[in-house]
Each structure stands twice: as structure tokens, then as C-alpha cells.
Amino acid sequence: MNCPECDAKIKIPDDASVGEIISCPDCGADFEIASKNSGVCELKHAEKVGEDWGE
Amino acid sequence: MPKVRIVFDRVRVEEKMLEQKAIELGHDTKMIDAKTTQINTESKKNNFDFGDVVIERCVSYFRGLHFTACLEFLDVPVINKFEVANNCGNKMLTSLLLRKHNVPTPKTYFSFSSDAALETLDKEGYPLVIKPITGSWGRGVMALKDRDTADAIVEVRELSDGPLDRIYYLQEMVRRPPRDIRAITVGEQVIAAMYRTSTDSFKTNIALGAEPIACEITKELDDVCVKASKAVGGGILGIDVMEDEKHGLVVHEINNTVEFKGLAKVAKLNIPKEMIEYAIASAIR
Numbered sequence: 001m002n003c004p005e006c007d008a009k010i011k012i013p014d015d016a017s018v019g020e021i022i023s024c025p026d027c028g029a030d031f032e033i034a035s036k037n038s039g040v041c042e043l044k045h046a047e048k049v050g051e052d053w054g055e
Numbered sequence: 001m002p003k004v005r006i007v008f009d010r011v012r013v014e015e016k017m018l019e020q021k022a023i024e025l026g027h028d029t030k031m032i033d034a035k036t037t038q039i040n041t042e043s044k045k046n047n048f049d050f051g052d053v054v055i056e057r058c059v060s061y062f063r064g065l066h067f068t069a070c071l072e073f074l075d076v077p078v079i080n081k082f083e084v085a086n087n088c089g090n091k092m093l094t095s096l097l098l099r100k101h102n103v104p105t106p107k108t109y110f111s112f113s114s115d116a117a118l119e120t121l122d123k124e125g126y127p128l129v130i131k132p133i134t135g136s137w138g139r140g141v142m143a144l145k146d147r148d149t150a151d152a153i154v155e156v157r158e159l160s161d162g163p164l165d166r167i168y169y170l171q172e173m174v175r176r177p178p179r180d181i182r183a184i185t186v187g188e189q190v191i192a193a194m195y196r197t198s199t200d201s202f203k204t205n206i207a208l209g210a211e212p213i214a215c216e217i218t219k220e221l222d223d224v225c226v227k228a229s230k231a232v233g234g235g236i237l238g239i240d241v242m243e244d245e246k247h248g249l250v251v252h253e254i255n256n257t258v259e260f261k262g263l264a265k266v267a268k269l270n271i272p273k274e275m276i277e278y279a280i281a282s283a284i285r
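Chains as they are written, first to last, in our numbering: chain A, 1 to 55; chain B, 1 to 285.
Calculated directly from the structure, the hints in this document are not laboratory data. Since this is a predicted model, take the numbers as computed values, not measurements. Hints are supplied without guarantee of correctness; some may be wrong.
So the derived list for chain A, only partly shown, Cβ under 7 Å to chain B, looks like this [to be verified]:
(1) S17
(2) G19
(3) E20
(4) G50
(5) D52
(6) W53
(7) G54
(8) E55
Sample of chain B residues with no beta-carbon within 12 Å of chain A, all distances over it, derived [to be verified]:
(9) E19
(10) E188
(11) S282
Stretches of chain B that chain A covers, calculated by requiring three or more beta carbons in the stretch to come under 8 Å of a beta carbon on chain A [claimed, not checked]:
(12) 2 to 13
(13) 55 to 62
(14) 133 to 139
(15) 149 to 157
We put the beta carbon where it would ideally sit given N, CA and C, even for glycine.
Input sequences plus hints: build the corresponding full structure.
Given below as C-alpha cells:
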């Protein structure tokens, strides 16, 4: 599918799951896979890393 | 067939490993996105599909903590419990509980104003390590080596003025080799441990590039980690241990949503398998 930001081609691995982050190889924008139905993914902008993220 | 649910807000390698292993073990497994789940005060357990047990794996500490509170409100068994997440997410509470339960831990000073923090530093001497009360991946952890550095950090905190910025957590700088130990406890068992070695900083977080090297689980390490786990309420935890030249092993931090992709490379046991089996056993108990 194409990057919602810069329209470059983004390759999403077949085994990628909802909630995973995909980065556009051209513009570097991060997207979260919001839904996946019959191999068709819907992307949304990934959340920014928060102050309380991680361990 | 037990129903395992994994609550996430961002799927990392760890969540994928847990999901895959739960499926391999033959459990009815589902991933639940905390960000799209709606809960209210009239919600009932049977409005949702939270299965027999939830493993809470949000990368955002506060999101995970509050989601856990909702799960417990619905009487859904969740690993870790709210109380444990709260104890581990706040470094001051962790330090107090460790000391209270006689777990060796670095001497730590708590000050409740910038003036008091500077007074502590001047009195106890430099360096002390300053850490945010809640924080992760080593962010905001700094060695205060002199008064000038301390003044600068205090000024930054006063400018940012977050609700926890006026609570100062200052810890002795432990003399140790340039590494620490990360152990994972599951219930009352240490299932894996590694050294995290850092070459260019005193911080040893894997997130900052520290190298994982297998570490033998000695009786001393096992004892101190199990005791530390009990002190905060138990569950699935990442215990951070330093090798103090004077006092032996000391526990300096306990992590509630433990990351294990580094440790999985060197561990003998299968970490996700141990976690899932523990979660199911805890729920059925």
C-alpha cells in the first residue's frame, strides 16, 4: 500500500498484526496497523513515544 | 482450553512472542488493544471477551496501570495486579518497599523541594544519581557530579514543573563493575538472568544499547530476586540488580511490564512459555 504521508510504497509483511508499527522507508513516518481484514490493512499515525513508555 | 488475552497498546516483539507461544500451547488466544476498548462504571465482565486471564502489556505505564484498575473492577484476573504495577511504576515506592522487606538496595534520599534536594547533595556529597520518580528506558537518570550540574538539573525541573518534578529521588552511586543484572521472576522463580554491559555510560538499559550476556542464576541472585518480587507483591517482573563492591547484590529497580527480547537471546528457559503458564495457573488458583 502507499504511505498516507508521502505516497511512497510501503511493504507490510504478511504476518504483521494489528498494533504493530510500520515505518515508511521514504519519509520515515511511523504508522500503526489499525485493522487488518483479508490482508488489507488500515494505517493510522502512530502515537508519539510518551514519557511513561517502556520499562 | 484456557482463554488467554494479551492487552497491548503497541505490539512489540515481546507481545508477538507471547501471542505465538500461547497459540502454540493450544490456548484460545486474543490480542486486545487498550486504546480502542471502552469501559464504564456500569460495565460487566460478560460485556467483554477478557477470557480467563489477561496479561497486561501496554508500553505506556499509566495506560496499563489504569486499564488494570478497570480489569480488576470487572473481576478479571490480570497479571500483574494493580498494586504491583503501582509499586513498581513509582521508584520511590519500590525503594521504600525493598528496604521495608530487608531487600538490599542502594541508599536513596527523598527530598520534596529543590532547596532540600540541593541540601542533601551538599551534605551527602557528590556524586548522587538523580532519577525521575516515574520513568523508563533510563530517561532522566543522571549522575550529579558537582553543584553546577545539580543546579542546572534543578533549574530544568523547576521550569518543566511536572507534578512529580518537585519530588527528588537521589541515589548513592554504587561502586560496581560496568554492568548490571536483569533477572526475570515469574511467581517465586527466577526464570532467566543476563548481564547488561555498557561501554560508554553508567546506564545499562538494553533500550540504550547495552549488550545482553547470559548470567548464571546463583543462589544469592535467586534469593535476592525472589525476596524483591515478594516485596512489591509478586507476579511477572524484571528485577534490576547491581553488584555492589561493598555490599554484594543490591536491587535498584523492579519493572512491571518487563521487556525480554534481549534476555530471550541468552535464556535457557522459554520466557513467554513460563509467563503464559504462570498467568493461567494464577487465574485458575
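Status of the hints after comparison with the structure:
1. S17: Nearest chain B Cβ about 6 Å off; hint holds.
2. G19: Holds: closest Cβ of chain B sits about 4 Å from G19 of chain A, inside 7 Å.
3. E20: holds (4 Å)
4. G50: It holds, given that the least Cβ distance between G50 of chain A and chain B is near 5 Å, below 7 Å.
5. D52: holds (4 Å)
6. W53: holds (5 Å)
7. G54: holds (4 Å)
8. E55: holds (4 Å)
9. E19: violated (8 Å)
10. E188: Check passes; 21 Å lies beyond 12 Å.
11. S282: Holds: least Cβ distance 21 Å, greater than 12 Å.
12. 2 to 13: holds (count 4)
13. 55 to 62: Satisfied; 4 residues make the cut.
14. 133 to 139: It holds: at least three residues are needed, and the segment 133 to 139 of chain B offers 5 whose Cβ sits within less than 8 Å of chain A.
15. 149 to 157: violated (count 0)
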